[in-house]
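*Asks:* Okay, here's what each chain looks like letter by letter:
2 protein chains.
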Amino acid sequence: MNPERYAPIGVFDSGLGGLTVVREIMRNLPDERIVYFGDTARVPYGNKSKETVIRYSRQIVNFLKTQEVKAIVVACNTASALALDTIRPEIDLPIIGVVRPGTEMALQATHNKRIGVIATDSTIRSNLYQTLLREHDKDVRVFAQACPLFVPLVEEGWTKDPVTHIVAERYLADILEQDIDTLIMGCTHYPLLRTLLREVAGESVQLINPAYETALALRRLLDHHGLLNDGRHQITPQYAFYASDTVEKFNAFANSILPYEISSTTQVQIEKY
Amino acid sequence: MNPERYAPIGVFDSGLGGLTVVREIMRNLPDERIVYFGDTARVPYGNKSKETVIRYSRQIVNFLKTQEVKAIVVACNTASALALDTIRPEIDLPIIGVVRPGTEMALQATHNKRIGVIATDSTIRSNLYQTLLREHDKDVRVFAQACPLFVPLVEEGWTKDPVTHIVAERYLADILEQDIDTLIMGCTHYPLLRTLLREVAGESVQLINPAYETALALRRLLDHHGLLNDGRHQITPQYAFYASDTVEKFNAFANSILPYEISSTTQVQIEKY
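Protein chains in written order, with the numbering used here: chain A, 42 to 314; chain B, 42 to 314.
FYI, nobody ran anything at the bench for these hints, they're computed from the structure. Be a bit skeptical, because a hint or two may be false.
Treat identical chains as interchangeable: a pair holds within one or across any two.
DSS-like mimics (lysine-lysine), calculated; alpha carbons at most 25 Å apart, straight line [as the list claims (entries may be wrong)]: (1) Lys91 with Lys290; (2) Lys106 with Lys313; (3) Lys201 with Lys290; (4) Lys154 with Lys179; (5) Lys91 with Lys313.
These numbers were taken from a predicted model, which means no experiment stands behind them.
With the sequences and hints as input, model every part of the structure.
*Replies:* Given below as structure tokens:
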């Protein structure tokens, strides 16, 4: 018996969007325990510098280590793009982000090798999606677009609103002209706009949600390290939630996204880690 | 001679918006030195809890004290509304926010005593604008509306865009139906939407920019404490800028707003204060 096998998986995000990744892990790895941290007191990361996103991610990894996690999922595209390569060699735990799984899924999906990527300003500027896609297949053409208004529009609840439709048409106009057949939703909030993005992009464009592929990549990673939970030891609570700001808004959003009701989120002063 | 008279004024904001207040202080108090801090690594405050905004504001006040400022201006509506009353008794420096000057200006401007207030979610929820306006004159009717998309729209540069026009029409619809004659722009970003808000609200509604009145209130406050700079001792640099995230974006935005070119902004790790 390997005791670490029953340890939880640490998952973090700049705020609430990473809960869409938690949802996929719950569905695809139902025996796994999860410790989630949302940096709601410093959200968003998408318009901040690489240096600051690395510093914040490092503090969160330190916090998750105090929770004795067996692996870490960076459930934030911006942190995956800006901080993961710096942090991976600093820790002795398996760690994955959402960017690489997203690119792998897109490369499998595309037929014409013309892929669009939409994400936050910092993620697009990092060029990581673009680099990884072309590294794998130099014939792939990538068309990237930052969509800074999408997160505030989702948080305002305007996910099916005519205003959001106009904004999406404008953001996507250039990349849709490029005859893409695959579009990566490179920010964890964007899958909440899936219906609207489907209308704007049309049926011929496949929408890629990296959260789904990340859950599958996590399963492979845990399996590789002999860390998959076989479900023989039930430990409660199975899911624990932490946030850096007060928890009322966190719980409301979490309960609108997750298949389980959560109530006991704990506030953490994250800059101390 | 009072040496403190030649000390700088500390001004802070959650990010860049407070520079609109700095601009008014530069214009109205040209002999004063200024130390500005923008919390760009943790921006925005407008969707965060009172507890967190107080904690952040306290750290910034501690930092400004290390700069030996003679007075502090909270150039952020959210911090003024959520943190100022808690922090004032904790320090021995004159300190003012932008909310009270904004309400005083609105009370002078209104004829029909029907005043609108637009601001961030946290500022509106704090009820401070509403409370101060009614405290002064119980016949005043206040109509408040949170406009969470305005800051991201300004930061996207869509200050004269049809999308922003539609969003503004929607946000203002209810309060414009209430026959207001005065509208307080209760967030430092909103004056950058003045032209568009003027179109949506119509010529009969006076737009109040608290930044202007804050500069005048600051003059009265300094005068009251014998701290007005008489301009006899020129100390350079007259203006110093600090930010918690890296400074490139800060300098670009500052140079688009301020009458003076700035280049030497310094990054500060604010959570250490």
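*Asks:* Let me make sure I understand: some of the numbered hints might not hold for this structure. Which ones are they, in numerical order?
*Replies:* none
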